[in-house]
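Visitor: Model the placement of chain B on the given structure of chain A, informed by the hints.
Respectively, the protein sequence lines represent chains A and B. Anchor point for the first sequence: position 39 equals 39 in my numbering, and the numbering is continuous, going up by one each time. Anchor point for the second sequence: position 48 equals 48 in my numbering, and the numbering is continuous, going up by one each time.
Simulated from the structure, these hints should not be mistaken for lab results. Please note that the accuracy of each hint is not assured.
The list cannot tell twin chains apart, which means a pair is met if one copy fits it or any two copies do.
[Claimed, not checked] Here are the computed lysine to aspartate or glutamate pairs in the DMTMM-like style, where the Cα-Cα straight-line distance is at most 25 Å:
no. : residue 1 : residue 2
1   : K81       : E95
2   : K81       : E110
3   : K81       : E146
4   : K81       : E106
5   : K111      : E16
6   : K168      : E146
Number of protein chains: 2
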Amino acid sequence: MKLLEERILRDGRVAEGGTLVVNSFLNHQTDPALLDALAAEFRRIFADAGVNKVLTVESSGIGIALLTALRFGCPMVFAKKSAASNLSGDALTAEAFSYTHGRKYELMVEKAYLKPGDRVLLIDDFLANGNALNALLALVGMAGAECVGAGVVIEKAFQDGGRLLREKGLRVEALARVASMEWSETERAGRIVFC
Amino acid sequence: MKLLEERILRDGRVAEGGTLVVNSFLNHQTDPALLDALAAEFRRIFADAGVNKVLTVESSGIGIALLTALRFGCPMVFAKKSAASNLSGDALTAEAFSYTHGRKYELMVEKAYLKPGDRVLLIDDFLANGNALNALLALVGMAGAECVGAGVVIEKAFQDGGRLLREKGLRVEALARVASMEWSETERAGRIVFC
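Here chain A stands alone, though its shape is the one from the complex (with noise of 0.2 Å):
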């Protein structure tokens, strides 16, 4: 998506050690006109599905996820990662491991609000090594609901997560994918180059 490609040569950057940073408009400050615009096109990309859940995992997926969400006119539900004490009742859990925190961490979803008869976009920010998607899909599982396909801001395509993902036949849709973020010690910068 050009706007998108746009916006991420223009501000963000890649930090020393290859982490692409985007905090000025996706996750840590957010462009809600920018993210409303790849709700739409998260919208037209799976117009067909028969989506009526949207899932996706708190924190920066929450508010791309909910902008999605109303645009399908359905709700939208963000697994949590730790043990809240106002989650209630049964909740369906999944491990994840989070790279940038580096750490196991639990999913946590509560039974009622994923079933047997739920068609769910799965929405997230980044794909990297697609561990949170990855522990998305179990819980998807777990609650006997259908995974119609997933949905990223920004691919890490040159990480493994969504050739796998793609592997295991989930339709796996991103809105930019990054194909290397070479990083230059003389100039203390990267370049970003998509596919």
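Guide: Chain B in isolation, oriented as in the chain A frame:
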């Protein structure tokens, strides 16, 4: 706001111990159309406040804050709860306490996204003891920005947070103000009364 009060009475419940559980439409599963109506109401209430930034805290404030920012046509920033390795450079931090999780945590906003000249509207899902809003207010102060008010979806008016913030001179607007939630041991349920 009548629409919200009716929804709380219909789909909310009081858990043992006096927690108001609105997981089915506000902070686990979310109803995007309801949240959009709440955002429109915040836009109406704060129409003349010159808002040019919306600030909230992850996770459950993000959805309503983003929709509100979309209507104001301004960025939305969410404060993060712990140091993540992809937070760059200088950050403003303030301490807060979560009664839900029973522990202290650090709220953090990168300096780049909160600046002198910003007219900041705080948005959150709940106001009880006011811990999160007080920490956000501190961050706005540290940045040399101006806080033009706080919009919360549900205020527990029987707790002190709202009163203390208003005594400080902050404009606090709640879309639903809960006066009491009487727990009946016999019925194993609570009765919600609005102000």
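Visitor: Evaluate each hint against the coordinates.
Guide: Now for the hints, and whether the structure bears them out:
no.	hint	result
1	K81 <-> E95	both (9 Å within a copy, 21 Å between copies)
2	K81 <-> E110	both (12 Å within a copy, 23 Å between copies)
3	K81 <-> E146	within (22 Å within a copy, 33 Å between copies)
4	K81 <-> E106	both (5 Å within a copy, 17 Å between copies)
5	K111 <-> E16	between (41 Å within a copy, 20 Å between copies)
6	K168 <-> E146	within (14 Å within a copy, 51 Å between copies)
Checked against the numbered hints given earlier, this structure breaks none of them.
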